[in-house]
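*Asks:* As you go down the protein sequences, you meet chains A and B in turn.
Everything in the first sequence is counted per my numbering, starting at 1 for the first residue and increasing by one.
Everything in the second sequence is counted per my numbering, starting at 434 for the first residue and increasing by one.
Computed footprint of chain B on chain A; a stretch qualifies when at least three of its residues, placed anywhere within it, have a C-beta under 8 Å from a C-beta of chain B:
no., segment
1, 70–81
2, 244–253
3, 279–290
Computed from the model, here is a short list of chain A residues facing chain B with C-beta under 7 Å:
no., residue
4, Glu237
5, Ser238
6, Ala268
7, Ala271
8, Val272
9, Arg275
10, Pro296
11, Glu299
12, Gly300
A few chain A positions that, by computed beta-carbon distances, are all more than 12 Å from chain B:
no., residue
13, Arg62
14, Gly95
15, Glu103
16, Leu125
17, Asp126
18, Lys128
19, Leu151
20, Gly153
21, Met191
22, Asp259
23, Val324
24, Arg348
25, Ala385
26, Gly388
Note that these hints are calculated values from the structure, not bench results.
We treat Cβ as the ideally placed atom computed from N, Cα and C, and that holds for glycine.
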Amino acid sequence: LTSVSRVRGAAKKLLVVGAEGPTPGGKMHTRLATFWKVLGVLAFSIAVCLPATNAGAQETVRIGMTSALTGPYNEYGEGARRGIELAIEKWNSNGGINGKKIELAMLLDDQLVPDRAVQNMRRLLDNKELAAIVGPAGTGPALAVIEMAELDGRPYINPIAQTPTITYPSGGKPRVNVFSFGLQNDVEMRMQAQYVVSRGFNKVGLLHESTAAGVSAAQIVAGGLKAQGKPSPVADESYNQKTQDMTAQIARLQRAGADVIIYTGLGADLAVARRTMARLNWLVPLLANNASLSPPYEEGAGDLVVGTLGSMIAAFGKDSLNPVAQEFAGAYKAKHTADRWWGSDPARPQLSMSLTVANAYDAGMVLFEGIRIADATDAKTICTAVEGIKGYQGVNGLYSFSPTKHHGVTEKDLAIFQYVKADGKIKLQIVKD
Amino acid sequence: MEFTLQLVFAGICVGSTYALIAMGMSLTFWTTRTLNFGQGSLLMVGAVAAVGLLAAGMPAAPAIAIAVRLCALLLVAVERIAIGPLLKSGGTMGWVVSTLGFGLFLQGVVAKFFGSQAIVVPSLMFDSLAFVKVFGVQVSAQYLAILALSVTLMVIMEIFLRYSRWGRAVRAVAHDPHVAELAGIPVRRVVVWSFVASGLLAGVAGIMVAQITGTVDPQFGFNLIILGFVAAVVGGMGNIAGALVGGIALGVAEKLAGGFISTAYGDAMAFAILMVVLFVRPEGLFGQREITKV
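So here's chain A without its partners, still in its complex pose (with noise of 0.2 Å):
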């Protein structure tokens, strides 16, 4: 501002004199030596702008994010916007990074959609100005652009997929840059499969989406059974999303003799097969994964869920939050109040939005960690700093990780989760810690 001001005031100066020279000839000598002088102060300022700018760039943490802003899954998407942008305006709000502030530079939208989140990563990675990617909200579009992130290096916040091999390729050793803060399946799986185990149910029916996940979180599931010595799964029914009737899959499980369904897929997929065992008369324990966990499955199932039980976080189902979950549920509804995300009941967040909006606001708040440990942008260094981390309390648990460990929420994390009804009024309650 100073150098401009000078700059002007010598312009103004140049004017004045112009205007009125005591002679001709002095006149235009005059004038050349005014604009001469013009022209140095204008390429001091300049001189002195550039680094300046080059500097300001250095004091800003820019991060990059493709996810489903829009279409049907949005509740995933734009939940995960929501707790990326909570967590940079904590991090901001206490000064930075370091004294540099964080800037969600690059927001992009995929739809879930596979092709457009490859597009989108391109564009991305593109940018050699973003410190750290945040990557697609499930498991079709984030298995299509990891390895292009792999390949880049650069921090890669998985704030939602579920399947492991998005983080571990081959089972083993994870990738080296990629960091997972979803419930991941293999973790949830175990757990459904140490459940009905204990509860002594030996005939077990599969019914899952025909998606990678779906087919993944079967294996896991049979994997797990296996490993405590129970017999396979009686039956394994699979049905494409968004399928209007499951007869045909419901009365095979009833055929095989099925005492309990271990579903996984989405919710309103999950009301869709609730609907199909109520038309049959069937009623054995429906045992359904997190996702399903959510408003398309109560307002497309209506009284019908009571009974049904289920894995997820037990963040928001405890008795008492955490201090970090109070604060993020705090800053959550003085921001957007309690909608979609939030749920029915304003006193506190519903179930869900521990897998829609408060993991990314881990993730996000995770990588900054790193970043102030690591007190640099090289993604080398950044990454070894993440994996240095251990017992950060997040919303949904406390996060540790090492070289080997690359994802954050575990079985530790996980409660089962019973629909109840109390008062005229249905919700979720742990029957299992």
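Mind docking chain B on chain A? Use the hints.
*Replies:* Relative to the frame of chain A, chain B by itself:
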């Protein structure tokens, strides 16, 4: 046996909705020789409009009446904007793109005003727990009501087309619009009314299918339209009895394949049937071979 009957009953009931969709597509195919690829979105609009009006406190009967009329109105607009002008230019397949675009446009509008998430559809006739015993097998009352309504609508449509003056006019236009015009039949009006009827059927079908699923979202209807199209082609394009038999055959085959082979093959079965029927009878089960005199 009970297992088989369960699958067959479910197949018949679900198949009857495919038949209704197929009949709606057939009506406009007769009069314009075009297919409305946006019909699936029209099913969705019918269901969403009915739900919206019910949520606003309107009783079920007027809400359904307004929703299906809205579908009819929209389809007339499609004919005016997306099909009619393209047919005048002759030989163009632009209507494929324009009707598909119309469907996507409707999806966008509904997503904008109602959101992209599934909307709950209240049970209008029976709830999911109501059932009737048929041959010792429990059959959902909701499914039976849908079957009864579909068959009734198709019978009425068949009688109308076969015995009423307007019905004969529709068949005349379907046979040859130029000769029909020479005979004094108001071809233009017949075309418009065929779109009105097709829109009404789409609205009814949308509301009925939404009763099965319990929810509706902007993508609702996109899969159904493929199955409706398969039913129409299998039965014989432009034949009401064919649409009914094609739809029910498709529904039953889908359920039986899912039940006895694998649930992963349900949709694959639909297309396998289509290919076999077209191989054996290219004109469909009830279609008539067209003979062109030269």
